[in-house]
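Full structure from sequences and hints, please.
Protein chains in written order, with the numbering used here: chain A, 1 to 134; chain B, 135 to 628; chain C, 629 to 1148; chain D, 1149 to 1422; chain E, 1423 to 1503.
Keep in mind that a hint or two might mislead.
Only part of the chain A face toward chain E is listed, based on derived beta-carbon distances under 7 Å [said to hold, decoys possible]:
#: 1; residue: 19
#: 2; residue: 26
#: 3; residue: 45
#: 4; residue: 101
#: 5; residue: 104
Keep in mind the hints are simulated off the structure, nothing from the lab. For each residue, glycine too, the CB sits at the ideal point set by N, CA and C.
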Amino acid sequence: MDIVSLIAAKANYWTYVILLMVGLYAMVAKNNLVKKIVGMVIFQTAVILFYVSIGYKKGGTLPIIMHGHDHGHGVESVIKAADYINPLPHVLMLTAIVVGVATLGVALALAIKVYQEYGTLEEDEIRKQIELKG
Amino acid sequence: MSIETVLSIKPVLAVLVSLLAIPGIISSRSQNIREAWTFAAAGIKLLLVVSMLPIILDGKTINYTLVQVFPDVGISFRVDALGMLFALVASSLWIVTSLYSVGYMRSLDEHSQTRYFAFFAVAISATIGVAFSANLLTLYLFYEILSLATYPLVTHHQDKEARSSGRKYLLYILGGSIGLALPAMLITYHFTGTLDFAPHGVMAGHINSGLAMLLSMMFLFGFAKVGIMPMHSWLPAAMVAPTPVSALLHAVAVVKVGAFSVVRVMTGIIGTGVLADFNINGIICAIASITIVVASLIALSQDELKRRLAFSTIGQLSYIILGVALLSKSGMTGGILHIAMHAFGKITLFFCAGAIFCATGIKYISKMKGIGRRMPITMTAFLIGSLSVIGFPPCGGFISKWHLVLGTIESGSLIFLIVLLLSSFLNAAYFFPVFYNAFFCSADEVLFEDRVEEAPLWCVVPLVITASISILLFFYPQPFLNLASLAVQTIMGV
Amino acid sequence: MTFFDGDSSLISNLPAIVVTLPLFASLIAGFLGWKNRKAPYPIAAVALFLTFISSVVLMIQVMSTGVAIEYRMAGWAAPVGIVYVIDHLSALVILLITSIAFVNFIANKSNIDTVFRNKAGAFNSLYLLFTAGLLGMTATGDAFNLYVLMEIASLSGYALIGLGSNRAPLSTLNYLFLGTIGATFYLLGVGYIYIATGSLNMADIASIMPKILDSSMILFAFIICMVGLLIKMAIFPLHGWLPNAYSESANVAAGLIAPLTTKVTIYIMIRICLTLFTPQYTFDYLNTSDLMVWLAIGTIIFGSLSALAQKDYKRMLTYIIIAEVGYMVGGFFLGNRIGVSGAILHIVNDAAMTLALFMAAGIFMWKTGEESQESLKGMFAKMPFTMAGFTVAALSVVGVPPTCGFFSKWYLISGGIAAGQYFFVAALIFSSLVNAILFFRIFEIAHFEPFKDHHHHSSNHSNKGEEASAHDTHEQTIKEAPLGMLIPFMAVSILLVVLGLYSGQIVNNIINFAIPSSIL
Amino acid sequence: MKILGTITILLCGGLLIFFTSDFPDFGDPKSPASIHLSPYFIEHTLEDTAVPNIVTSVLADYRSYDTMFETTVILTAGLACFLLLRIPTKEVTRRYYLHEPTGVTLRFDGDRYPKGSNVFKRIDSNWVPYDIIINFTCRLLIHFIQIFALYVVAHGHYSPGGGFQGGVVIGASIILFAISSNLRASIKRLGEKAAAIFTATGVFIYAGTGALCMVIGEHFLNYSFLAPLLGTDRIMARSHGIFIVEIGVAVAVMAVMIWIYYNLSSAGKQDEGL
Amino acid sequence: MILPIDLIVLLLVIISAFAAITVKDLLSASLMLGAYSFLLCLLWTVMGAVDVAFTEATVGAGVSTVFCVAAIFHTTRRTKD
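Below, the structure is given as structure tokens:
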């Protein structure tokens, strides 16, 4: 397997791993809460990239049946599965995106609450304040 | 030998009756109603137990399974001779102790009496439960309930001393049962698949010698209520409790539950065959002997009467273990009989100690000079009780000791005979100063004038009753003796 | 069985009803919350009660027919559509969830009224959504559907927890990060499974599994699903979020979330291992037992020791929860029938115990307004009934018969002995002893120290016995919690004993059918 | 923390990269994912549901149950933000007013602000004068955006898009209005209460359709049982059923996006904001 | 799908992700996040996942960014890392 075809075969997967790790790093190691939330978004979208990559099929086209509305439902003999990209991962990822934005909303709401309480978004400063309060 | 069994709910009722009285005790508006509940429950309980006596004496057993919890193991009850003997002792002494408690608590005007009577009832239920349990699981269940129900009783005074004693009490009792007895029970279940008490044990053929030894030791020390050294030091600490508690629970119910559990496990689970084959009984005997001698020696040096009695108890309990572990017929009879005989003797002594405290507020032996002239009835009862514990005729204790001595001879181990004789001598040595102080020293305090002033009647009557029973048992030991020899027959298969 | 035949459409739709009933109720509560602040509570209570009833019927149905009920959502059969599968195990957990949600809701009315005064509609909706999410997670037979429902439960959980003390938002945010990592890992694992099998239905995947046992993708899917779930259930090195999140939340939220979240996650783990990866893969092919049991041992010991260090009652409970997670994970990965039965039984028992302890915490909070253990002084004299219930719950955690904690511990220890995992057995016994110390420490405070009136500190009390008894006499007026709190609490405490006595029946009639016969 | 993070990601990343080597190649039509289940959807979507967009048919029919809960997730997020952030407006005491004739800005504390005055105009605390060009352009654009959104909702069957995307676009158009003029103006037109009720209504349309199917038919969300109500055959009933639930999704998503925005942009005060 | 385009977009995605977590200003970070989402949307269009791309464009690049900006408006732009 030459290098080009290897890259072609795996580049998407590598990218997803890199993005996943970037997100995870931000969530574990960053000090700022909003930065962590940004990391969380990246983390979640990396998985979406992974799923969409699973669904891709060489030689397949968009998962919308061509000329479907002309013939109603008499065209099943014409439809070949290999012609269309796998739609299932797309469906799952629509849901995942929605979950992502929902989580983002709640996380930001919590971050605002934290800021209202402590006046900062830096975790170490918040810790210091908690220790001072006893 | 096939044992005829009878299905009856009576054992369950006997256990439950005092629990059922608790709502009554709690909700009572006046002291008298509350104590009426206690007495009613105690009376019914004794009647229930006695009503089962003829069936047991016929050589039958009573079985009843409440629920099936694990495969082949349930919460089930079985009444046999050994359990019957213990239940008889416990339930008859509950009535007496209730009488005494009423006098003691009222005369000292103790706080939280309702709580006291409620937990007392729980404790006695658990004791009967232990006596009637058909398998190790049920026994463990009631054993734990007893440990927990007695905690509020031991710490009744709610002061610092009670707190530290309560801690010690729980540490030993719960630590032993959860840390040692529970795993031992589970290992037993794993290897044998059953926990039922069988006449000849269930372990034979399932385990090797090392494991049998390990399990025996785990049970022996795990049931820490038996007070085998080094698991004994909770007992003197627990003497901070009000005297009736010490009397019933720490001279009779709790410690005897420990002894009873160990006897049950040695005979019903491990089995005499296994004990003898792997030579475990020798080690148990040795441990028991050491406890007997050491406890008696420590008792000599105690000045507080209740503590002296506590160490005496530790020594006496090991008689039971020693007797059973001798594995001879007479030894076992003596051991089992000692459960009953020692109970009546020791409870008298505790009642006396409490009566002295009630009437004069004195706890220490050195301060009891001349007290015999002031409280003649109490001190006479004390004399009878201690004679019984020493094993001197004409008291019940003599009979059990006689059998024990016979047992040592039967099994041919002279060293244990020497231990028995030596400890009897020591027993006499630590009781003697009490009489000497009481009767032959002149009072050096104004408190003891030459007039009779006993403790309240509620306190005196019970101790007179138990003292008389102690003597009566010398002349008429049949119910207990029959039960004991029946139990031995079942166990030894003769 | 005329009862079932009589209204067959209602009964046959029960799996959908049990999950959607709380959903509908939450919508209605959300609606009416804008009109009338008092309306949502009764609606939610009735809905929870009806859900509870339907879960009982479901349980009876499963037990009487003895086979799993399969319900096709949108009418599509298994691999194409989403199916709900109600077998003995899920019916049991559903019953557990509905009953705990209902009892906790009833018992904490006053807490809801004070903490969520202005937002009753939103609170009640979220409470119901959380319940619906957990119920869906339990019932579903589809790996991806599980993820969606998990997110519903998590998001509503964050909201419920986030409105507690001042520190709650921060700890909830940390919980959210960890929870999201866990859920996303799970989603990733599902993706790997999908790559290897092309399916999302658990039973379908299980039927493909034997062909692809040595696929590295399945191995990785297993690892990453487990890591995700272990984060969500707060096992030892990944536990950091739990204590803060639970102890700083409002009582009603803690009482719902603490007993259920970790337990349902453990159920999911069991479900994934048994139904999706098949026991053959989990136990025989991968031989995960040793590793996971050691993890569990670590969790038990860590949880117990940390609990010892806590001064705050609720925080102590949270560490006990962590230790109990170790019990269940370890018990399950013992891999033998006794151990797995013990783990499942402990899910039920531990949920009930935790509920009782948190309800007690609610009552203590109501009484004293503080959360430290010191605030429990003199409680035995003040609130004998509450303390009696509390004692039962505590003894159950310690593992004293005849409370339920003893019996599940019995199975777990027997399983440990049978599997030869003696360190696990030792850890269990160690943790029981530590629990005994923990609770007797509280009992001592509540028993020995005189009641302190928190509203006016009159003088500094010393602990001398004379004073103690003196206080006892003039402060012996019993003042219990209101009946609305007390009755559910007492019911749960009695239930702890009943569950214990009937644990044999539960194991024989329910759990035995829930474990595949390939596990011996 | 940094070191811990680095170690974690290096370990995880290494492991993940290692496992990618066993993946089927990117775009391999023979991978199990492409041959096991998905062919059924591709080949049967028309005969089962008469919807050419396979994603829509899978989303709203085969896996409609997922989607119902997806909508519920959104509802949950809206409720969660509300529960966490919302502060009653009464508690906001400090306000700023612009005296229009003079251009002086005044601060009012407590309740003593001018009510119903013609000369005083309420402004935000960190007020930047709104740009008339942006304001006007956005107002022009918003209608087209909304019409496009309706198109997206309605054409979910035949082209990319559907209830979710359309709903977000409508929501975004209103958010755009809120940004380009100000939050109060937007809240006056579509208040928080309306948003909340719309959200619940949207989810209710979806779940209610499912329950209706269950009541008259046998399975939750099995639209084919709606055929008698809709007056079509069972397959077209599925198609219409998908459309109904898509509308529900659109309504719910639109309202939630607005609701969350209101709460986030005003930190719960819903008084003044971005 | 054309491979070079795919690779270029992948590279841009990674760069924007790194930028989003390293930039020392939260407002910039959230805008980078918007750019990241938009690039992902592009990537998915390239890969044929049009519905996902549409959703990502509206949600990820649109609404999410607005949410982030709104939250930052009420907290602070300052960050140490």
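Hints versus structure:
| no. | hint | verdict |
| --- | --- | --- |
| 1 | 19 | 6 Å, holds |
| 2 | 26 | 4 Å, holds |
| 3 | 45 | 6 Å, holds |
| 4 | 101 | 5 Å, holds |
| 5 | 104 | 6 Å, holds |
In the structure shown, no violation is registered for any of the earlier numbered hints.
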